Structure formats: structure tokens, C-alpha cells
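Asker: The chain contents come next:
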Amino acid sequence: MIRVENLSKSFYHQQDESKILIDINLHIKRGECIILKGISGSGKTTLLSIIAGLDRPSKGKVLIDDEPISKLPDIFASKIRAKKIGMIFQHFNLFENLSVYENVTVPLIPSGLPLDDIYRAVDKSLKVANIYHKRSLVASRLSGGEKQRCAIARALVADPDIIVCDEPTANLDSQNSILFIETIKELHLMGKTIVIATHDPLFENLNFKSRIVPMFDGKIDE
Amino acid sequence: MNEILFSNQVIIYLLSESLLFVLLFIAFVVSIKIVIKWDFDSFSQKQFRLEKEAYLVSTITIFLFIIKFILLIYFVFTIDSLSILIAGAMCGAGVVTANEYGTYLLLFKLIIIATLILWFYLNSYDTHTKNYLHMKKKSLLFIAIFISIIFELFLDFQYFTNIDTHQPVSCCSTLFGQLEGANPLPFGLTIPLLLTLFYLLYFLTILTLKTNYRVLYIVSNLLFLYLAYYAVVYFFGTYIYQLPTHKCPFCMLQSDYFYIGYIIWGSLFLGTFIGISDALSSIWTTRKYIKNSRLVISMLTLFVVLSSIYVIIYYFRNGVWL
Ligand SMILES: Nc1ncnc2c1ncn2[C@@H]1O[C@H](COP(=O)(O)OP(=O)(O)O)[C@@H](O)[C@H]1O
Ligand SMILES: [Mg+2]
Chain A
0 MIRVENLSKS FYHQQDESKI LIDINLHIKR GECIILKGIS GSGKTTLLSI
50 IAGLDRPSKG KVLIDDEPIS KLPDIFASKI RAKKIGMIFQ HFNLFENLSV
100 YENVTVPLIP SGLPLDDIYR AVDKSLKVAN IYHKRSLVAS RLSGGEKQRC
150 AIARALVADP DIIVCDEPTA NLDSQNSILF IETIKELHLM GKTIVIATHD
200 PLFENLNFKS RIVPMFDGKI DE
Chain B
0 MNEILFSNQV IIYLLSESLL FVLLFIAFVV SIKIVIKWDF DSFSQKQFRL
50 EKEAYLVSTI TIFLFIIKFI LLIYFVFTID SLSILIAGAM CGAGVVTANE
100 YGTYLLLFKL IIIATLILWF YLNSYDTHTK NYLHMKKKSL LFIAIFISII
150 FELFLDFQYF TNIDTHQPVS CCSTLFGQLE GANPLPFGLT IPLLLTLFYL
200 LYFLTILTLK TNYRVLYIVS NLLFLYLAYY AVVYFFGTYI YQLPTHKCPF
250 CMLQSDYFYI GYIIWGSLFL GTFIGISDAL SSIWTTRKYI KNSRLVISML
300 TLFVVLSSIY VIIYYFRNGV WL
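Residue numbers (numbering that gives the first Met the number 0), protein chains in the order written: chain A, 0 to 221; chain B, 0 to 321.
Hints in this document: simulated from the structure, not taken from any laboratory. You may find that some hints are simply not true.
Okay, derived cross-link-like pairs now, SDA-like style, lysine to any residue, Cα gap no bigger than 20 Å in a straight line [said to hold, decoys possible]:
1) A/Lys58 <-> B/Glu50
2) A/Lys60 <-> B/Phe202
3) A/Lys58 <-> B/Lys129
4) A/Lys58 <-> B/Tyr54
5) B/Lys129 <-> A/Ala81
Since the model is a prediction, treat every value here as computed from it, not as a measurement.
Hey, can you work out the whole structure from these sequences and the hints?
Answerer: Okay, structure coming up:
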């Protein structure tokens, strides 16, 4: 499903090279739930964005269903991203002045699907994410937990195989964090492949099958 | 002579061309690297860096195309406006032929625009393959464009430094007027024959474009371009000027004729260049169909209709042909 091979990423400031990711190897099977665990600055966000095709590596491979996403021309990379990957960010990244319903519709606009199909998909993912009752509210008026659920609905609307979450509970209270984990469990039972970057200890003892991958200083200790 | 070189238009023009050249040089170096080292199947640091730089080249070339296109129009405009400085020149025709470089320079500019459009199509076909199948071809084409531009820049400076404003030049009336009955048309054509071929080739071009006989289309469109030039100068133009003796490709660029020349020549050249680039690159990349046949048909049709309409209007107004 997702295969990361000898992946390295460096940033350059003038002549100084700082190595953010060093020779990462990671193989994620279909339906697996991966917890990328590491302190702030260990390179989790960088790794996630390369996996999702938002950033490019300095060397090495990322294969999504055998397609080298980090090498493809933009039109192909964004197609894969739109079809196969749903993303949930720490700061939710919603359009604050659009309604919940509109926010969730956005990813389907370029799909060219008939309107009826779009409405059906949006309704379905609003229900799965448990935010259907707030669908006509403007995003700026939502609480943190509700924003999170709106972001989940948006990530699910195109029915992606892979869900990528970056620090999903960093802005949630513990009750909403537990609710979030419940939703993740449902997605896991639906067969989605899930990658979560977090340093939240709540993810250490999940009541469903998951694999913790510790990250430290741009390396994965396995 | 420095009156020309230091006129505002020429300074702006030459400065823009020279500045552009700096960017081009960067893209040129990368293109050479690509031709030598590109290996898409490699996941090494070098290859990733090269892919990033290739992206830079694309961006520079797209920028280059936009600027070159504007500069070509500006060049024509400059030439036209310089005619007041040169003794005997009444329009661009006199300025272009003020020394031996002008005509070549103008032709060169047209060829460069055509090649850039070809690059554009190749690029667009390239980014629609998953592995940049045509990257090396594209880079080779860019290198060719770069070399042409060096030559063009040389011609630019040669041309503008070698115009003598005091030396009277001959302008359209002598350049394009019939010299002692000699036939200026190619292949010994007469005007009625030229017009017949003009319209026949127009239809052949459009038909072949639609049916995807691409080589036939390219030949037909090139021939059409060639004959259309003569048809406009020696026939349609006389109706634009409403003077049977005035034969000139440049005067119609002036405000007296509502700048119609820009649209007439623009639609002819762009239509042809876009069509041929599309066809050539689709052959080169072994694609089945060309992409923008509708755009090409509209442009060529605009050209034909616009040229013809002057003749028809003249006839309805005056009840006679020129
Ligand atoms: N665009 C960038 N330029 C330079 N350094 C960066 C950039 N993005 C991230 N970094 C650095 O990379 C390291 C890892 O960042 P990140 O992947 O965000 O870690 P995490 O998500 O685990 O907190 C940090 O030290 C950060 O400063
Ligand atoms: Mg982070």
C-alpha cells in the first residue's frame, strides 16, 4: 500500500545542510493503523507531507500502490492525492466562512461527479464523522471538537483508502480526543489505511490493532 | 544613427531582450545537464535536484514565451513608429529594409515564436505522461531555441546600430509595387489563380486538421501561410487601403486602418503556428490526435473572413471591384 524506501530530506540554509529525515524505511500494509510517535521536531510532519505528495524528498522513494508519488508530474500527483488520500491537520484548515456542508463538498468539486452523487457522498461522510446535525453552521462558529469532525468528514468525502492525520488531537480536550479515537477505530474497521503522527500518549494503548513507529531525530527506530 | 539606437522604444526593447537573456542562460545550463544526466528511474539526490531544476526551466520558458510574444508585438510597433525618424520611410516596410538585417530579424522572430509554441505543446504532452517521457526532446528543443535567441540578439543589435536616418530608404510603394511589369507572385501565379488556391488551401487545411491527416495538414497549412502572405499584400491589402496601387504588409498596422494588421497577421501566424506545433508535437510524441483543432480553425477562419470582408464591403459600397 505505502512503501517508503531510503527516504531522506534535507533543507538548506545558504550552505548549511540540515538533515530532517535520514534514510527512512517504512512499509505500511493495506488496512494497517500506524502511529508515528515522536517529540516535536522529530520530522513527523515532514514525513507525512512527503507521503501525501505535498512535498518532495531529497532522495529515496515513496510508493503509493506502486506509484512513485513524489516523482509524478503535478497533475498525476494531485490526482492520486485527491482519490486515495484524505488528510486531517492539527489546525483543521477549514474555510472559516463556509458552512460545514460546503467545507466537506470542496474536495469533490474538481471530480466532475454528478451533483446527486456529490450530495450523497457529502451526507454520508457527515454522518460517519458525526457532524451531520451541524451541517449548515458556518465553520467559524464550531467548537474545536466539531471543527475536527468537520475536517474528518472532509477527509472522508472522496472515499480515500488512506487517511493521514497530523497531530489530530493537539487542539482537542481529552473527551473530544477519545471521541476522535472512536472515529478512527470505525475507519479502521472499514478497512482504511491510517497514518497518525502524534506525541499524544492516548494513542499508546488503543483498543484496536495498531502499530507504533517511534521517530527520533529524523530516524525511525525499529 | 544613434537617434534610432537611443530612442525610447529601442532602449526598452533591447534592454528587455538582454535581461531576458540572463534567465535564459540559467535554463540553458540546466537543459544541457538534463540532456546528459536525466534518468527518471533513479531516486538519487542528483536526480531529484535535476527534477526540481527542470521545473525551473519550464517556468522560465513559459515566462520567456509570454515576454517574447509581447516583445514581438512591441518590436513591430517600434518599427512602425520609427518610420517618422527615417527619411523616405512611411511605415514599417521602409524601416525593416533600412539595412540588410531587418527582414531576417523579423523572420527570425517569427520562427522563434513558432518554436516556442512547439515547445509549449511538447511540454504539455510531456507533463501528461507519468514519467516525463519527452524531457530530453524538450530540453533539446530548448537548447535550439536558446541558440536561435543568441543569434537573434546579435541581429537585434546589428539591426538597430546600423540604421542610417539620413540615408533615404525606399518604402512600400517601391518595394512592393510592380517593377516594370515583373510578376511579384510566386510560381508565376496570377491574382485569380492565387485567390483560388488561397481559398482551396484554406479548406484543405481545415479539413485535414479535422480528419487528422497530419502530414498533409502541415504541408497544406504551410503552403497556405506562404500564399496568404502574397494574397494579403497584393490583393486583400489593396481593399484595406482602398487603393489598387498600394501594396504593403505594414501600413495596415497603423492607426489609419484601426491597427487591423495586428489582427490579420496575428490570426494568420498564430493559427498556423499553433496548428503546426500541435500536429508536429503530436507526431513526435506519437499521440493519435491533435489537441486544439478548434482554436486553429477559429483563428484561420477569422483571418480569411477578415481579409475577405474588406473586399465584399468595398464591392457593396461602390458596386465595382478595384
Ligand atoms: N521548510 C523547512 N525549512 C527548514 N526546516 C524545516 C522546514 N520544515 C521543517 N523544518 C525543520 O524540520 C524539523 C522537523 O520538523 P517537523 O517535520 O515539523 O517535525 P514534527 O512534525 O515531528 O514536529 C524541525 O526541526 C523543523 O524546524
Ligand atoms: Mg508536526
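Asker: For each hint, tell me whether it holds in the structure or not.
Answerer: Status of the hints after comparison with the structure:
Annotation: proposed proximity of A/Lys58 to B/Glu50 holds, straight-line Cα distance about 11 Å (limit 20 Å). For the given pair, A/Lys60 sits about 52 Å from B/Phe202 by alpha-carbon distance, which is inconsistent with the 20 Å threshold. With a C-alpha separation of about 19 Å, the suggested pair A/Lys58 and B/Lys129 falls inside the 20 Å cut-off, and the hint holds. Proximity of A/Lys58 to B/Tyr54 is assessed by CA-CA distance (about 17 Å); at most 20 Å being required, the pair is judged to hold.
With a C-alpha separation of about 16 Å, the suggested pairing of B/Lys129 with A/Ala81 holds against the 20 Å cut-off.
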